[in-house]
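Asker: If you want the building blocks of each chain, they are given just below.
2 protein chains.
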Amino acid sequence: MIKVCILGVGKVGTHLIKACIDNIDIKLTQIYSRSYKSLKEYIGIIPVTQNINELEIADLYVVALPDDVISQLDLNYLTGLVVHTSGTVSYSALKAKQTGVFYPLQSFTKEKSIDLKETPFCLETKFAEDYGFLVSFTKLISNVYDEMNEQKRQKLHLAAVFANNFTNRVMGIVFDVCKEQDIDFNMLQPLIQETFLKTKTLNPDIAQTGPAIRNDKGTIKKHLKQLTGTNKEVYKILTKSIQEKHGIEL
Amino acid sequence: MIKVCILGVGKVGTHLIKACIDNIDIKLTQIYSRSYKSLKEYIGIIPVTQNINELEIADLYVVALPDDVISQLDLNYLTGLVVHTSGTVSYSALKAKQTGVFYPLQSFTKEKSIDLKETPFCLETKFAEDYGFLVSFTKLISNVYDEMNEQKRQKLHLAAVFANNFTNRVMGIVFDVCKEQDIDFNMLQPLIQETFLKTKTLNPDIAQTGPAIRNDKGTIKKHLKQLTGTNKEVYKILTKSIQEKHGIEL
Numbered sequence: 001m002i003k004v005c006i007l008g009v010g011k012v013g014t015h016l017i018k019a020c021i022d023n024i025d026i027k028l029t030q031i032y033s034r035s036y037k038s039l040k041e042y043i044g045i046i047p048v049t050q051n052i053n054e055l056e057i058a059d060l061y062v063v064a065l066p067d068d069v070i071s072q073l074d075l076n077y078l079t080g081l082v083v084h085t086s087g088t089v090s091y092s093a094l095k096a097k098q099t100g101v102f103y104p105l106q107s108f109t110k111e112k113s114i115d116l117k118e119t120p121f122c123l124e125t126k127f128a129e130d131y132g133f134l135v136s137f138t139k140l141i142s143n144v145y146d147e148m149n150e151q152k153r154q155k156l157h158l159a160a161v162f163a164n165n166f167t168n169r170v171m172g173i174v175f176d177v178c179k180e181q182d183i184d185f186n187m188l189q190p191l192i193q194e195t196f197l198k199t200k201t202l203n204p205d206i207a208q209t210g211p212a213i214r215n216d217k218g219t220i221k222k223h224l225k226q227l228t229g230t231n232k233e234v235y236k237i238l239t240k241s242i243q244e245k246h247g248i249e250l
Numbered sequence: 001m002i003k004v005c006i007l008g009v010g011k012v013g014t015h016l017i018k019a020c021i022d023n024i025d026i027k028l029t030q031i032y033s034r035s036y037k038s039l040k041e042y043i044g045i046i047p048v049t050q051n052i053n054e055l056e057i058a059d060l061y062v063v064a065l066p067d068d069v070i071s072q073l074d075l076n077y078l079t080g081l082v083v084h085t086s087g088t089v090s091y092s093a094l095k096a097k098q099t100g101v102f103y104p105l106q107s108f109t110k111e112k113s114i115d116l117k118e119t120p121f122c123l124e125t126k127f128a129e130d131y132g133f134l135v136s137f138t139k140l141i142s143n144v145y146d147e148m149n150e151q152k153r154q155k156l157h158l159a160a161v162f163a164n165n166f167t168n169r170v171m172g173i174v175f176d177v178c179k180e181q182d183i184d185f186n187m188l189q190p191l192i193q194e195t196f197l198k199t200k201t202l203n204p205d206i207a208q209t210g211p212a213i214r215n216d217k218g219t220i221k222k223h224l225k226q227l228t229g230t231n232k233e234v235y236k237i238l239t240k241s242i243q244e245k246h247g248i249e250l
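Here the protein sequences come in this chain order: A and B.
57 is the number that the numbering used here gives to position 57 of the first sequence; each next residue is one higher, with no gaps.
91 is the number that the numbering used here gives to position 91 of the second sequence; each next residue is one higher, with no gaps.
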């Protein structure tokens, strides 16, 4: 049985707490948060603390706190492995003896539960002798994991921002455009789902369609007329991006 | 039995030809294309022609040709209903007596077959008395259709460009970023699929996560350092779009 303490009850922390509670091979020894409000729902179920200097003995401490907080904690008094869940921060930001990274490549929202078993975890430890232990723990949580150094993880995090945050914002623009003419957003669902299923089998460059790749100037002009502000800029730059990628003279 | 002639064997035309051949209530009377090469595979199966003045009698003519070609055809000699499949062109661009629009809201690539039954069709006819007939035909092809005027259809087409073409280009950037560090693109599949499944249940504004909405300037700076050229511009403008939408001071 692996003894685990989770620090932080934000989106990632909450999903990890749930996965630890559900697993008979993990004993969740303690949950830490600065805020009493976030801890409230766990009182009586799992030991909680708001004091960073009173963490109990555990095999693993998972720091699921904002990037800028990670380096502010003094965890040198701990004896177990201390890992954070950030895609961009180095393990050396952690002030602890044995450090590492346990980065889940997924987008968490509190409103929707995620199957962690299918979520890829990127693992790294400062000391090679800690790596096997981190793998044993990860296997209890997920079926997918990979050792990854900082440079590669940072690139993956950048890719994830495009794949999730930016495509989601583009969907937000779709939402707004639909609203202007009272169009039901769900009418676009078959198109949206097809677009993303396609990425499983087709390279996006081969799957590319639309006025930009056809260099259909008439349609592009019509579209730009219907847009203003930042949405118009987004249309222009993504059209440029498609045309550059496919060698169309601007 | 509805007699149908399809003009054009591009992506849309090819999918429609297949749907018509598969349906016992439709008789595909003829296929037209300017190019002999595109017609070759149908010879001996369905009557084909390269001569626009020799179209045979049919109930419906579906013009699945490029936008700029639609207005160049003189189809005034025909007696049936003539519809085009464009999202942006008016039915009045068609030079024919009875005209209309039969616009499928889906992204077609020749490499991948599409279930037309789930594809929404946007319908419009110049004469009210033709509408019922267009609906009867559409019902043989798809379970989803809606009457839609030109203004609304053009807005929907614009929304579709964001939902499909632009999200697909963003996926292309993800592909390129992964390649730089030899990262397996498939590692991002759970994140990609989650992102798009989420649009079924959550408003994109609520689903938004990432450094832009957190206004995490450190991470944004790190990311911009890793990017150049148009990809960097795309990062900047989509970050701006997220921050504006969520009222973050720039």
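Hints listed in this document are in silico derivations from the structure and should not be mistaken for laboratory results.
Possibly wrong hints are sitting among the right ones.
Given that identical chains are not distinguished, each listed pair holds provided it fits within a single copy or across any two copies.
[Said to hold, decoys possible] Derived lysine-lysine pairs resembling DSSO-like cross-links, with alpha carbons at most 27 angstroms apart:
hint: 1; residue 1: 236; residue 2: 40
hint: 2; residue 1: 139; residue 2: 18
hint: 3; residue 1: 139; residue 2: 112
hint: 4; residue 1: 179; residue 2: 18
hint: 5; residue 1: 232; residue 2: 245
hint: 6; residue 1: 225; residue 2: 18
hint: 7; residue 1: 152; residue 2: 225
hint: 8; residue 1: 117; residue 2: 222
hint: 9; residue 1: 27; residue 2: 232
hint: 10; residue 1: 225; residue 2: 110
hint: 11; residue 1: 27; residue 2: 240
hint: 12; residue 1: 217; residue 2: 200
hint: 13; residue 1: 110; residue 2: 245
hint: 14; residue 1: 97; residue 2: 236
If you're wondering where the values come from, they're calculated on a predicted model, not measured in any experiment.
Asker: Against this structure, judge whether each hint is valid.
Answerer: How the hints compare with the structure:
1. 236 x 40: neither (48 angstroms within a copy, 39 angstroms between copies)
2. 139 x 18: within (16 angstroms within a copy, 47 angstroms between copies)
3. 139 x 112: within (23 angstroms within a copy, 36 angstroms between copies)
4. 179 x 18: Neither way: residue 179 and residue 18 sit 37 angstroms apart in one copy and 34 angstroms across, limit 27 angstroms.
5. 232 x 245: So residue 232 and residue 245 pass the 27 angstroms test inside a copy (20 angstroms) and across (14 angstroms) alike.
6. 225 x 18: Result: close neither inside a copy nor across copies, 49 angstroms intra and 36 angstroms inter.
7. 152 x 225: Classified as between; 15 angstroms across copies, 41 angstroms inside a copy.
8. 117 x 222: Neither. Shortest intra-copy (46 angstroms) and inter-copy (30 angstroms) distances fail the 27 angstroms Cα cut-off.
9. 27 x 232: neither (52 angstroms within a copy, 45 angstroms between copies)
10. 225 x 110: Neither way: residue 225 and residue 110 sit 38 angstroms apart in one copy and 31 angstroms across, limit 27 angstroms.
11. 27 x 240: neither (53 angstroms within a copy, 43 angstroms between copies)
12. 217 x 200: Neither, since 31 angstroms and 33 angstroms both go past 27 angstroms.
13. 110 x 245: Intra 37 angstroms, inter 20 angstroms, cutoff 27 angstroms: inter-copy only.
14. 97 x 236: neither (50 angstroms within a copy, 38 angstroms between copies)
The structure fails hints 1, 4, 6, 8, 9, 10, 11, 12, 14 (numbered hints given earlier, in ascending order).
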